[in-house]
Amino acid sequence: MTTSAVFLVLSTFLASAVEVVETLTIVLAIGVTRGWRATLIGVVAALVALTAVVAALGPALTVIPIERVRLVVGALLLVFGLQWLRKAILRASGFKALHDEEAAYAEELEQARAAGHEQRAGLDWYAFTLCFKATLLEGLEVAFIVLTFGASQGSIPLAALGAGAAVVVTAGIGAAVRAPLARVPENTIKFVVGVMLTTFGIFWATEGAGAKWPGGDVSLLGVLAFVTLGSLGLVALLKRERLRVAVA
Amino acid sequence: MKRFARFWWDFVIGDDWSVAVGVALAIAAVAVLHHRHVAAWWLLPPAVLLLLYVSLRRAARHTAG
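Quick mapping for you: the protein sequence lines, in order, are chains A and B.
Read in my numbering, the first sequence has 184 at position 184, and its numbers run on one by one without any break.
Read in my numbering, the second sequence has 1004 at position 4, and its numbers run on one by one without any break.
Simulated from the structure, these hints should not be mistaken for lab results.
Careful, some of the hints might be misleading.
Label-pair ranges, simulated between beta-carbon atoms [to be verified]: (1) B/R1003 - A/A104: 16 to 26 Å; (2) A/K239 - B/A1028: 32 to 42 Å; (3) B/V1012 - A/A49: 13 to 23 Å; (4) A/A248 - B/R1003: 37 to 47 Å; (5) B/A1024 - A/A60: 18 to 28 Å; (6) A/R178 - B/A1029: 47 to 57 Å; (7) B/V1021 - A/A175: 38 to 48 Å; (8) B/A1024 - A/A106: 40 to 50 Å.
Simulated crosslink set (DSBU-like; lysine-lysine; CA at most 35 Å straight-line) [as the list claims (entries may be wrong)]: (9) A/K133 - A/K87; (10) B/K1002 - A/K87; (11) A/K96 - B/K1002; (12) A/K212 - A/K133; (13) A/K96 - A/K133; (14) A/K239 - A/K96; (15) A/K239 - A/K87; (16) A/K133 - B/K1002.
Just so it is clear, CB atoms sit at the ideal spot from N, CA and C, and this is done for glycine as well.
Let's have the full structure, built from the sequences with the hints guiding it.
Here it is as structure tokens:
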């Protein structure tokens, strides 16, 4: 397996794991309070829709010349990855509240208990629509990452494999413990995913613009080190800024 | 249609549109340098870090203020 193929699987695995943890929190809260039938049908319907999106767009993307794909996808991935990284750095430095799965679970439980009971198509409509939307919206980010990574690397199945493995592992653990996965270091994983998306975005956008990396794929490691150290430096800088503001 | 466009804007661009504009300009600069036969592989990493720094400082000041 090449360096970029390893990164490809690892990135899609981690990005998917984070999104599954967030979806799982909502699905568990709805399932426990409203019953599992409509909840699981909502999840399965969203997964079918997401699979259709990847299956429809995937082959279309492989027809476009790889240089053009890398330019567009690299730019999109870079902008998208910088969003993740920006939020993760703001959280790590204390300028944004950390994502708390236990608090989110408690809030979802309360809302699910308070919501009315409307039956449509023989389903608890609240449970169905909420789980469908949650899975679809969180899953869209994963589908976006799978399509962009896969198309740029010329291997959408490999990217989908990483995402699929994360869904199976994370959802499996969630189903076994029947509790939100609060111990998963979600914010740290988001930081890592942000770094990886940004690294790939830089790498492919540069190649798509025509420039060549010295050493080819191995340069990914250099870009990764640069982005990681730079991001950690920004966390340290913002932490100092926060302390300075607090003292003043 | 407006909601659909809004969704994709939030999805891809997010909170700070100036980062997206900066990224587009930096990639264009790489393409221009390459076209003039100047090695440009080094340009994007520091440009991206600079954009991130500026955006974070703005967000931090906004939060603190």
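Results of checking the hints against the structure:
{"no.": "1", "hint": "B/R1003 - A/A104: 16 to 26 Å", "verdict": "holds, 25 Å"}
{"no.": "2", "hint": "A/K239 - B/A1028: 32 to 42 Å", "verdict": "holds, 34 Å"}
{"no.": "3", "hint": "B/V1012 - A/A49: 13 to 23 Å", "verdict": "holds, 20 Å"}
{"no.": "4", "hint": "A/A248 - B/R1003: 37 to 47 Å", "verdict": "holds, 42 Å"}
{"no.": "5", "hint": "B/A1024 - A/A60: 18 to 28 Å", "verdict": "holds, 24 Å"}
{"no.": "6", "hint": "A/R178 - B/A1029: 47 to 57 Å", "verdict": "holds, 52 Å"}
{"no.": "7", "hint": "B/V1021 - A/A175: 38 to 48 Å", "verdict": "holds, 44 Å"}
{"no.": "8", "hint": "B/A1024 - A/A106: 40 to 50 Å", "verdict": "holds, 42 Å"}
{"no.": "9", "hint": "A/K133 - A/K87", "verdict": "holds, 23 Å"}
{"no.": "10", "hint": "B/K1002 - A/K87", "verdict": "holds, 26 Å"}
{"no.": "11", "hint": "A/K96 - B/K1002", "verdict": "holds, 29 Å"}
{"no.": "12", "hint": "A/K212 - A/K133", "verdict": "violated, 42 Å"}
{"no.": "13", "hint": "A/K96 - A/K133", "verdict": "holds, 25 Å"}
{"no.": "14", "hint": "A/K239 - A/K96", "verdict": "holds, 12 Å"}
{"no.": "15", "hint": "A/K239 - A/K87", "verdict": "holds, 14 Å"}
{"no.": "16", "hint": "A/K133 - B/K1002", "verdict": "holds, 19 Å"}
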